[in-house]
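Asker: Spelled out from the first residue to the last, the chains are:
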Amino acid sequence: MKKTMFFAIAIPAIIIALISISCKKTTATMKPTLYDSLGGTALVADPMGPSGTMIEKGRLLIRNIIDSTIFVIAGDTALNGHFTVLLSEVSMNNLTGFMALSKNLTDFVAVGTGARDYTYGGKSMVAAHDPAQNPRMNGKADNGDFNAFETDLLAGAAKNGVTTSNPALVSVGKLVESLRSQVVQQ
Amino acid sequence: MTKKFLQKILIRTALSLAVLTIVLGIHIYLVTRPSSPNAYTRAMARMDIRTPINTTDAAVISKWLYQQKGVDHVLVNPKTAIVIFTYYPMQTTATVISSQFISSLPYPAVRFIPTAAQMSSGCPVAPRSPFFKICQYFKNL
Chain A
1 MKKTMFFAIA IPAIIIALIS ISCKKTTATM KPTLYDSLGG TALVADPMGP SGTMIEKGRL
61 LIRNIIDSTI FVIAGDTALN GHFTVLLSEV SMNNLTGFMA LSKNLTDFVA VGTGARDYTY
121 GGKSMVAAHD PAQNPRMNGK ADNGDFNAFE TDLLAGAAKN GVTTSNPALV SVGKLVESLR
181 SQVVQQ
Chain B
1 MTKKFLQKIL IRTALSLAVL TIVLGIHIYL VTRPSSPNAY TRAMARMDIR TPINTTDAAV
61 ISKWLYQQKG VDHVLVNPKT AIVIFTYYPM QTTATVISSQ FISSLPYPAV RFIPTAAQMS
121 SGCPVAPRSP FFKICQYFKN L
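Protein chains in written order, with the numbering used here: chain A, 1 to 186; chain B, 1 to 141.
It cannot be assumed that every hint is accurate.
As the list claims (entries may be wrong) - In the SDA-like style, the derived pairs of lysine to any residue whose C-alpha atoms are separated by at most 20 angstroms in a straight line are:
no.	chain 1	residue 1	chain 2	residue 2
1	A	K103	B	I28
2	B	K79	A	G81
3	B	K79	A	G122
4	B	K79	B	D48
5	A	K103	A	R116
6	A	K140	B	K79
7	A	K159	B	S62
8	A	K159	B	K79
9	A	K159	B	I82
10	A	K103	A	G49
11	B	K79	A	E150
12	A	K159	B	I28
13	A	K159	B	T80
14	A	K103	B	R42
15	B	K79	A	G112
16	B	K79	A	K103
17	A	K140	A	K159
18	A	K159	A	G39
19	B	K69	A	G49
20	A	K159	A	T33
21	A	K159	B	T55
22	A	K103	B	A39
23	A	K159	B	Y66
24	B	K63	B	I53
25	A	K174	A	S124
Stated by the list, open to error - Partner residues are not named here, just some residues of chain B that face chain A (Cβ under 8 angstroms, in silico):
no.	residue
26	R42
27	A43
28	V71
29	H73
30	N77
31	T80
32	I82
33	I84
34	P108
35	F112
36	A116
37	Q118
Note that these hints are calculated values from the structure, not bench results. The beta-carbon is built from N, C-alpha and C at its ideal position, and this holds for glycine as well.
Work the whole structure out from these sequences, hints included.
Answerer: Written out as structure tokens, the structure reads:
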């Protein structure tokens, strides 16, 4: 009886304690991340949302660059074959591919640069670019595709006033370049 | 007595877990359910100009598109003669914009609409994590 009571109280208590520990934010001073240099977690008004919607400054800059890059890619015959889903029709219960891709890529870059308030729910870069694991990938990417992507990314950044000499963009460039071996699979 | 008590605890725990699972399912459904386009939804469309264009043409096309109601952002690539624009579906449609473009400007253009095959073989960054699949399951209930 006593044992049962003990387990009935102890088990939920342990679970709650574990959840609290895992969810607890670390208060120790952390080294600034690349995300911090892009604007960090300071909240600003979201120009694309309803009045009063706030967004982290770092995420806003990343989203602006991503959106511009998507435009550049969609108009670039070297890459736009991979992104036809962007041009899908919007109808009831079918949100546009543009907003979904914008969110996914923004999440991916934000997490990659050190954002702590977002998660990326997509496949790994290797799996996402392997036609055997991702049927939506219509062929293996080569170095030419990757170079074209990097060029379009820089063009997208330039459209947001972020030049190639910007230290944050240089760091993002290094981050993207580090993914080459995972994306290029032929 | 002990057995009965244990049985009671097990039944209550199972019931609590069942209720929590249902609540979680309802929460995931409500948060991730497909929603109709709203005032802030943006969609992207593409038009292909069927004649070579230069930067002056690109500027004319861009200016005209920005004057249309519901157009959000425009990019004209003079090298590929491709026009990309986003618009607010609650205010206009890509079909309306492209047909007005064709009738108003002297550029032969055609709206690009991807085929089902093209749609199924693009966009490598599609979320396919186990969590996404669970969300999709509840979305499609």
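Asker: Taking each numbered hint in turn, which are not upheld by the structure, reported in ascending numerical order?
Answerer: 3, 6, 12, 15, 16, 17, 20, 28, 34, 36
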